[in-house]
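Peer 1: What follows is each chain in one-letter form.
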Amino acid sequence: MSETVLHSPLEAAHLALGAKLIPFGGWAMPVQYSSILTEHAAVREKAGVFDISHMGQVFVTGADHVASLDTLLTNNLSQLPPGQGQYTIMLNESGGVIDDLIAYRISETETLLVINASMIAEDVAWMDKHLAPGCNLRNESDAWAGLAIQGPDAAAIFAKLFPAESLPPRNGISKTASGEIVCRTGYTGEDGYEFFCPAAEGSAWFTKFIEAGATPCGLGARDTLRLEMCFPLNGNDLSPARSPIEAGLGFFCDLTKPHFIGRETLVSQKANGPEVKLTAIELTEKGPPPRPHYPVLSADGETLGELSSGVLSPTLGIGIAMAYLPAAFTKPATPLLIDIRGRQFKAVSVKKPFLKIPK
Amino acid sequence: MSATQIPADLLFQSSHEWARVEGDTATVGISDHAQSELTDVVYVELPQLGKTVDSGDPTAVVESVKAASDIYAPISGEVIEVNPAVEADPSLVNTDPYGAGWIFKLKVSKPDQLSGLLTPQAYGELIG
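First to last, the sequence lines map onto chains E and B. With our numbering applied, the first sequence covers 759 to 1117. With our numbering applied, the second sequence covers 58 to 185.
Simulated from the structure, these hints should not be mistaken for laboratory data. Where is the CB? At the ideal position from N, CA and C, for every residue including glycine.
Listed next, the stretches of chain E that the computed footprint assigns to chain B, with coverage defined by at least 3 CB atoms under 8 Å from CB atoms of chain B:
no., region
1, 1044 to 1050
2, 1062 to 1075
One side of the interface only, derived from the structure: several residues of chain E facing chain B at Cβ under 8 Å:
no., residue
3, Gln790
4, Ser793
5, Thr982
Start from the sequences and build out the full structure, keeping to the hints where you can.
Peer 2: Laid out in structure tokens, this is it:
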């Protein structure tokens, strides 16, 4: 791993707003500006803007590129019409997760992949190795700044800044007249969009979205918001040792496709039932916030695994977490214990997601 | 950055706890600077009453959304009182760190340790 820390093109703007920066995926990124709880509430109730410039943008082109991408991604890209995006997963040969990403079909001949910051080099190398001849891959991750505008007021803010444009439909992708890319997707469960512009223009757009009413939000709120929705974080909840079937992401794996890398493991796990499953867990008594790596025990005190993610849910006011647990303990309402600094707190497995947002 | 408050009647340690010594009792909390760095305290784990601690022992835990932080006893003694108000409303540590946000009280067993703590001025220089 390189020790070099990468810097967002928006860093000066973050520091001017009093942000605290932390290392994340090889980047120095804002964890919070004022308060994680305030930023979280802004997204649930109004709108927030996140710097996602660390995320990678890879454009794949070529007449047959969609068919080729379908051999290295779990979801079915060929069935997706141009103008739409889909959540999908890149697997290793044994069915473990390399990365989770969104693939957006810009046109018949071009697809945009938005990938995790820490995985850019590995994803690109994997695709270079496995994409069919005739596919062209452009890693433009350094060229683009990214902003995620999320929350019930996100669409109104877009209308304010782009009176002549309309947002793409849910999961869709479009380009503004001035060339920015707008994707109607996000990582919070709220309505919103991810907005990509040339890196040098990122700070100016960030300021415009804030002036139009979005609260600047950091990685801290991003983590609490995504966990309330049970959206996995690669590196915490996803890993090369776990398959998307084990992660509960079977919906995004089209096993009717004749071939994609890792398919055999998924088919067998689906047929036999996975031995472990990523399970949503709620604390049922007042206790410290659950955090990654805390042990999870059965009600009888048998160690079952450890938390992959955990926070005190700002919306629900209770501890929420996820853990890979043996199949027998994954049914909702199974009593569990979470060991926090040697004390055991009562918990229970629940149906995902923790938070139900009316559409 | 807004100005950090450092009351003149307190003693501090470099790990950001304060102590207010009255007779043989020391009330302990975390500094305004510490609460500002932690932000959003969401949980306080109080020590057991009657527990005997040595100076530097982890004695309580203050948790923000992102991290759990040990609170170290600034001096040796016995825990004679804990603050139930911060257990019920952890945000008191943020809003009133030197008042309603106190965490526990110790019966001081080694008063000579007090001279080893930081004066308000020395603490101010440390965090300046």
